[in-house]
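> Combine both chains into one complex, guided by the hints.
Each chain is listed here by its residues.
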Amino acid sequence: QSALTQPPSASGSPGQSVTISCTGTSSDVGGSKYVSWYHQHPGKAPKLMIYEVNKRPSGVPDRFSGSKSGNTASLTVSGLQAEDEADYYCSSYGGSNNVVFGGGTKLTVL
Amino acid sequence: QISLKESGPTLVKPTQTLTLTCTFSGFSLRTSGVGVGWIRQPPGKALEWLALIYWDDDKPYSPSLKSRLTITKDTSRNQVVLTMTNMDPVDTATYYCARTLYFSGTYSFDYWGQGTLVTVSS
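Top to bottom, those sequences are chains A and B. Okay, so the first sequence: first residue is 1 according to this note's numbering, each after it adds one. Okay, so the second sequence: first residue is 1001 according to this note's numbering, each after it adds one.
If you are wondering where the hints come from, they were derived from the structure by calculation, not from laboratory data. Virtual Cβ for every residue (Gly too), placed ideally from N, Cα, C. Honestly, I wouldn't trust all of these hints.
Only pairs whose alpha carbons sit at most 27 Å apart, straight line, appear in this in silico DSS-like list of lysine-lysine [unchecked claim]:
(1) A/Lys68 with B/Lys1045
(2) A/Lys33 with B/Lys1059
(3) B/Lys1073 with B/Lys1013
(4) B/Lys1005 with A/Lys44
(5) B/Lys1045 with A/Lys44
(6) B/Lys1066 with A/Lys33
With beta-carbon atoms standing in for the labels, derived distance ranges [unchecked claim]:
(7) B/Asp1056 with A/Ser96: 16 to 22 Å
(8) A/Ser9 with B/Ser1076: 43 to 49 Å
(9) A/Thr19 with B/Ser1028: 35 to 41 Å
Chain B extracted, bound-state conformation (with noise of 0.2 Å):
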């Protein structure tokens, strides 16, 4: 059974940096074709798609952000940690990690995550 759970903080003030872990079972890093990515939803508003880390330690980001994010895999402990440098207000979201299959579902996500709302907020 394959599941993702996102965990960090939920509340985090101006200019810090965020660092967001997403633990996951049933499926493992090590294996080819498989990645985890990282999207992101504002309240009340569209999904945005953030960075991904592949098996093979390939790791694309979102141009836009690509500056302030950086995505490492723990494969011995199933986990994904984002961080998020200078945050700000408009960085507030539900922060979703989720499962793509690159040789299977390219850039498609089948498994995600619950989420974990994140404020920004001094």
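This is chain A alone, in the form it adopts within the complex (with noise of 0.2 Å):
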């Protein structure tokens, strides 16, 4: 069981928005700026399209963005293009160095 919650999956049409939440507690996701996001393609190793909460790395469109709110992370994917069908996970600074990982979210574009 992994320590962040995320949804099994989540879906939109080429050019609509999708939201992605991670839940956590205060301990990680609430007590912390160290919120990151990874997209994964199958077979692929994950990429990381935000760090943070809210910062991304060069070459990560401005379609990606984070925020959080109390003990829920987000990520919100707007004019969803084909390509950005993937798994997307986030991850926290959990205290007493330590990171976490979300279970994953599969993302398909319909």
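Structure below.
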């Protein structure tokens, strides 16, 4: 069982927006600015999409945005494209030099 | 250009010790703020963080696996080695190494290796 809770699946049509949630506790998501999001295509390594809640690494489109409220972090993908179909994982600093991941969300572009 | 690559056995027997090597290029573990971590992913399951090693030799471990893990670095060879003792079939997973930057993106991993699948079976 993963430390952070994500919905197993999410979906949207091309051009639409979709938001994926990541719920933890005050010991991790709620108490940390170190929340990250990754996407992972089948058979590939994860790719960092968001770090420190809402920062985008160089090269990541601004269609991807992150936010946090209380113990829940969110990733929003706007203007959905076919290539956005992937598994998405959140992670957070969990206190005491620990990093915790979510269970993953499979995003389907309809 | 930054790259990382994992190497090690593809098959280990239960109770054996696993040794994985991450060989990287394009950055140095002598540089302040740089770290390399290990993350694994059982087939069809979620990611799980295992360990990190930083430029200053700080070595955080996953609390649930700490007793079984050792991470070391060889800065001259640009390598990080992870050992995991007492392997069990539930440890079957793809093992990734990845870079982190302590001062910009702490606890996030911006470059990943391709991963190496380790199967634990007798």
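> State for each hint whether it applies.
We went through each hint and held it up to the structure:
{"no.": "1", "hint": "A/Lys68 with B/Lys1045", "result": "holds (25 Å)"}
{"no.": "2", "hint": "A/Lys33 with B/Lys1059", "result": "holds (21 Å)"}
{"no.": "3", "hint": "B/Lys1073 with B/Lys1013", "result": "holds (25 Å)"}
{"no.": "4", "hint": "B/Lys1005 with A/Lys44", "result": "holds (13 Å)"}
{"no.": "5", "hint": "B/Lys1045 with A/Lys44", "result": "holds (14 Å)"}
{"no.": "6", "hint": "B/Lys1066 with A/Lys33", "result": "holds (25 Å)"}
{"no.": "7", "hint": "B/Asp1056 with A/Ser96: 16 to 22 Å", "result": "holds (18 Å)"}
{"no.": "8", "hint": "A/Ser9 with B/Ser1076: 43 to 49 Å", "result": "holds (47 Å)"}
{"no.": "9", "hint": "A/Thr19 with B/Ser1028: 35 to 41 Å", "result": "holds (39 Å)"}
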